[in-house]
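J.: Each protein sequence line maps, in turn, to chains G and D.
Following my numbering, the numbering of the first sequence begins with 1 at its first residue and continues without gaps.
Following my numbering, the numbering of the second sequence begins with 1 at its first residue and continues without gaps.
If you are wondering where the hints come from, they were derived from the structure by calculation, not from laboratory data.
DSS-like cross-link-like pairs, simulated, lysine-lysine; straight-line CA separation at most 30 angstroms:
no. : chain 1 : residue 1 : chain 2 : residue 2
1   : G       : K121      : G       : K6
2   : D       : K207      : D       : K305
3   : G       : K196      : D       : K67
4   : G       : K195      : D       : K67
5   : G       : K4        : G       : K121
6   : G       : K196      : G       : K4
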Amino acid sequence: MKEKMKILLNGIFKENPVLILALGCCSVLAVSVSVSGGLGMGAALTFVLVCSNVVISLLRNIIPSKVRIPCYIVVIATFVTLVEMVMEAYLKSLYDSLGVFLSLIVVNCIVLGRAEMFASKRNVVDSFFDGLGMGIGYTMVIIGMSVIRELFGAGTLFGIRIIPEGYQLGILTQAPGGFFLFGCAIAILVAAMAKKGKKFEPKMGCDGNCAACHSSCDDRKEAEAK
Amino acid sequence: MSELTVSVSPHLRGPRTTQKIMLDVLIALCPAFAASIIIFGWRSILLTGVSAAACVACEYIWERLMKQPITVGDLSAVVTGVLLAFNVPSSMPLWELIVGDIVAIICVKMLFGGIGCNFVNPALVGRVVMFFSFTGDMTNYQFPSMMADKVDALSSATPLAAIRAGELSWDYFGRLLLGTHGGVLGETCALALIAGGVYLCVRRVIKPIIPLAYLGSTLVFGWIFGSSHPVLAVFSGGLMLGAIFMATDYVTTPTTNIGKLIFGIGCGLLTALMRTFASSAGAVTFSILLMNLVVPYINDLTAPKPFGGVEAK
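So here's chain D without its partners, still in its complex pose:
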């Protein structure tokens, strides 16, 4: 009998680890990072590096103090830090960014039990706290350093504000793709973000359902609600960054495909609603956070029926 090993599932283990998945996410974020350096200058490196280091430090110190196993090696804290840095303008004071990191890692991730136990996306909550605490600094959108010599009509507003005012036309599409317009670090260059998203899909880190459903429904609902330019709206603001990197977090999204579809459409509907009828700043953040909160219910409603199973009476 001693040859019989009894253990709990999973019995089969693939080569894929959290660390490898997070490394893929980081690789996918590289094009956007490179774009942010080109567009906003060297401070982008400083902010991203400090933010990632602060997140790792927070997680390490917390686990040390609480005598928990050290999990900083799985790189998830690095991803949170980089995403958080991508959500601030390049002029953001460092200490304010670190406050956001502490909130994201300690309050949202570690207090609820570490990786896999957070009920909402840590980076997004960090952003919300920074947004409400340092509203001035968070909305002090910087304009590309390389564009400084070319003064044009739109240099005073972000594309989203211009869309709300109905001042944006197709001529602007190229700049939206390249990201040479005002905004926060990681959100401006749509092409780089899409490249990262394609990489993630090819590596099968994420399924394209959520980003496509999210972007598509934002487009459709934006058109229904009478946005002045629904297509350009999809390429502006934090939507690309949110749809590809934030709304695809494993822990805070539904598990089934149909659930993911509902999640994506819900995010799109909320984003279009907020962008049209409320303030455009933070629309993506709040949409994803709100949908994060209803994920348990979506999971319950879309739970697959086991093969041959009958409904409990």
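Pulled out of the complex, with its shape left as it was, chain G reads as follows:
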């Protein structure tokens, strides 16, 4: 159980998909202007991530490695379509506010990245916890950012006015404000980790495919194989 907990927490802090791995930033920056949107986006992504991780882990011995990416996309797209249809039926306003970013979960690099790095190599239970941890990590960041952006940028929370009209920092709801907060969040996390004495070194899952990998690592499997 301790092992599973570690996988779960890994996604939330040590390998937070948004702040440490810097994946899926597009949707975080775009959607985090309102708390309800951020919450919806986080829930949708967590659901897709958990489901696709489990299914891909189940299929990991059947999927031929040459066509694995299309296979992952088919699995992921299935769940995204599911989420989209449910949301359109029951949460129409949220569906409208998320717009294209909901469909874009299909190509969200967190989902695809975890499928490639984790689910395709580990068993189902581990993959489930990894998907859950990564989803929670993403949701935490997007909610944290959207609270600040909506509260100080628009003066509201969940659409309810907290700060009176005329005392907003409008730039926070625009793209530069999003980037600024994103940078601050990364800086705070890195500083906190540095204070704890942990060496800051994001460790990406290694698939041995060094040609397509940008991270610098000691064990270059491909080079060794040759």
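Once you have looked at the hints, place chain D on chain G.
T.: For chain D alone, coordinates are given in the frame of chain G:
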């Protein structure tokens, strides 16, 4: 051997300090400050004073919290505060101006390491943040209190807007020089700004290359792009203030003369482009900020060849 002192350069120190340079800049800003009081009234003093005080306070508090040496005595924060206040209309609420000060000092200057380490002009970023956050208040251009009794055709638009609409003629030139037209605090009186610029050049605080290249290229490119009155355009908007006081910041401009020339022409080209084909509000700000960002590349390209040096192979 004990008589041999080993130290790193610089070995020769001139009498000129950051504080003295900044004091010269402040003196150069005085005519424009006086003009803004005459044109826009006493609120100009309040805004400028609060802005300068807020900048100094931000720097002091930050350095206290971060346990860094206190550098507020070099007056650079005062200059940033005054320049920022010169970029807002006289009706600007104080708290909004203070937000701009905090952004300029904390986010742009101190987070990157304090004076000399900022990669863009702090006052300009403060202005951009205020511009996007409080667009209404920032563009609520006030019209000279002393002109209130004389209602004329142009009292509804700033000179730049009038130039875009093709409604400005040479008759207006005198008012542009004296600054008795709508705008933000420090930008309107071209004569006062030019006087400050001449003072800076005489005191050798700045070289005239950047302002001249900037103003000249804005004129030329404005004419090429078909501005309705390229000469008057040079004297209107924030161009004078930007060219003389913002685009000449040591840290964010190239070091060599040819680099400064490229920088000035680049600013002029961008300003003329934005004023002609985009919104005129903020053209000068964005031009200088964009050119600030390419300064490292200009420096690399224009690095002088050392005497007797050969190119590395």
